[in-house]
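Protein chains in written order, with the numbering used here: chain A, 24 to 618; chain B, 11 to 183.
The hints are simulated quantities; they were obtained by calculation from the structure and are not laboratory data.
Keep in mind it's a predicted model, so treat the numbers as computed, not measured.
Note that the Cβ used here is the ideal one computed from N, Cα and C, for glycine as well.
Check the hints yourself; a few may be wrong.
Chain B regions said to be covered by chain A (calculated; three or more residues, Cβ under 8 Å) [claimed, not checked]:
| # | segment |
| --- | --- |
| 1 | 32-40 |
| 2 | 72-86 |
| 3 | 90-101 |
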Amino acid sequence: MTAPTSPASDNPTAMSGAAILVEGLIEQGVEFVFGYPGGAVLPIYDELFGDERIRHILVRHEAGAAHAAEGYARATGKPGVVLVTSGPGATNAITGIADAWMDSIPMVVITGQVPTALIGTDAFQEADTIGITRHCTKHNYLVKDPADLAATIKEAFLIATTGRPGPVVIDIPKNVQIAVPSERRALVRAGAHRYAPQTVAPAEHIIEAVEMIAQAERPIFYTGGGVINSGPEASALLRRLQDITGAPVTSTLMGLGAFPSTHPDWLGMLGMHGTYEANMAMNKCDVMVCIGARFDDRVTGRLDAFSPDSKKIHIDIDRSSINKTVPVDLGILGDCGTVLGQMIEAWGSRQAKNLGEWKARIAGWRARECLAYPERSTKNPGMIMPQKAVERLHALTHQRKPIITTEVGQHQMWAAQYFGFEDPNKWLTSGGLGTMGYGLPAAIGAQLGHPDALVIDIAGEASIQMNIQELGTASQYRLPVKIFILNNEYMGMVRQWQELTYESRYSNSYSDSLPDFVKLAEAYGWKGIRITEERELDDGIMRMLDHPGPVIVDCLVAQDANCLPMIPSGAAHTDMLLYGDKVDGTMDDEAKALV
Amino acid sequence: MPMKIAEAASERHVLAVTVDNEPGILAKITGLFTARGYNIDSLTVADITEDHAVSRITIVTNGPPSVIDQIEAQLERLVPVHKVTDLTTAGPHVERELALIKVAGVGEKRVEALRLADIFRARPVDTTTESFIFEITGPPDKVDSFIALMRELGLVEVGRTGIVGMMRGAQGA
Ligand SMILES: Cc1ncc(C[n+]2csc(CCOP(=O)(O)OP(=O)(O)O)c2C)c(N)n1
Ligand SMILES: [Mg+2]
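Looking at chain A on its own, in the form it has when it is part of the complex:
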């Protein structure tokens, strides 16, 4: 059913679909739209022309738009907005949409579509955007009638930002952008039954949880990205609950920053490249409180050996995350921040149990100093150890509370291990999808959201080439982002797995024919700095910080460094590889089959 429409020229005060869209975005408080024009979105671009209220950020590739929107969202807590054309514009954006889906990032993506009459005819630049994005979005819409547009935009933002956040796609055919609807309809379906996430947990669950924690002799808090998504208040409440219960805290990759890394009860990250103490404590605890994390396979290791003797409490806003891979004793459905607040209140003036014995055991595990890496590389004894480079970068920048983004690989894990975070929203990384090419556009989005912040993309020489075109975007908008490349001339993470699993047969993991990153920086109007020796390290970092504009630092590091500790795929938390361990470089087929 199509509402009667008339061309805009008939009625100059009436609004076209494109104008309704722009109004809708402004109503939602949107400051930035990350996009790229094309035939199927020209009416929207024309509407944006000269409109001062929204700033359009022209990226160089639509994947860059989606990742930049993610970076903006992760750093500010506000939804990222993307605008791309039909067909290739939409398909190019898919990686970023899928990334936001896996990491629960609030995002609204507007895609142009061929006119309704041409849908299904294999028209020029037609793609079934709704079909393609069906399983990597929280929800998606094809708006066939301009009368539905205003209500659709409203609901899209509500869905993207509430409950478990995620990407929402609105596919708008070109004729719908041009048409002027004579009415605005509420979504016919809208009703109490449709979409109502539960944020407050039932009181009896809270009481049971508090009782379990109070009785625990070996409690642990295992926190995740949900605490970040819940807003800075949730991180503050986590700190408060930890303070009154005394429980040690570990976190997933996505949750770093919710709890301060300088706190004595901080165990470091857990999981595949987590610390020895975090993984051992997870294995030996008697009560585990999982807060906004999802028992990902990178975190649990071998499932049948995962924390065998603990009672498990799982707080999550998404009921499908509870009991998905690990059965728990108490599932609590609700928003992390709200539930933490409820628990603090229910705890009241209780005295925390004496956890001295548990903390002493943890101290024993800490004494392994699992992050103490070899001072020199065997292959390149004269070169900087990558771990050292991250440590120095942290030491010289942490006072400025920088926002760190990463690409994907060893450098990402080293950044997670050696760059300590004190606050939420400062750590932006692609966790669930593990997308190389995320870091630079994400840094651009974060810098726009926080113009005065120091934003650094800790990168690998391979990953950075995946969205290298976005250098131009930073130049255009005068964004002083810094890229710090740990250049080991290898897809290091791939090389490491080949060393451990395939007897060091380095099939296609060498980064051949690398560009001269310093010259590349200069070609884009950036500053380029190369660091080749350890004695230049601090000075190189300082020069990067002192330069007011964007900088690429090409930091050459040892090529053979491995990222440890590591739980090899298919192994248990207690079977960690540590620095100094001998490996035979082979694995059985069952282990090889695991990712």
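Since the structure of chain A is already known, use the hints to place chain B with the ligands on it.
Relative to chain A, chain B with the ligands alone:
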């Protein structure tokens, strides 16, 4: 490949799902089942409100209890889904299915087919001198048995609707 703990035995469950009747909802649901490796034994759908705004989907699925729980949770996560009721666990319920069954034959077999149809309360809805189409409604196992008998008597073709289900008693799902 995710690591899975050894799983409990499979159970059959009938789910009644009410959804906003919007384009793509069926693709969302069936796509969810394929993408996550769940089974669909049967699926029926039709709109059920005067304004055609709400549809009821009945899905028969099977899996271990943990998987059934995930299926329900994943369905509830879809924005247009209002409510998922597991009729199998909700209590006593009725399941019905309609089938059209074409049988061809003459002589003794034809007489026997008609006699059995009568016992099963299957109605001939089309008749020629050498064939019948029977309409049968009932729980799926009754339909199964009738089809099995017709197999010996000249079964040509079967069309089944799949199952619709409803809780017994005054309460709605
Ligand atoms: C888009 C994409 N393609 C492939 C991979 C698989 N992969 C994971 S890490 C990695 C190597 C990354 O190399 P580099 O950026 O140099 O980082 P390093 O591990 O050397 O620090 C690859 C190819 C991926 N994660 N993402
Ligand atoms: Mg590398």
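Legend entry - 8 Å C-beta test of the segment 32-40 of chain B against chain A, three or more residues: Three-residue rule met by the segment 32-40 of chain B, so holds; n is 5.
Legend entry - Residues of the segment 90-101 of chain B with Cβ under 8 Å from chain A, three needed, outcome: Result for this restraint: holds, n = 3.
Inset, instruction - Confirm or reject the coverage of the segment 72-86 of chain B by chain A under the rule of 3 or more residues with a beta carbon closer than 8 Å to the chain's beta carbons. - result: holds (count 6)
Consistency with the previously given hints is maintained throughout, with no hint failing.
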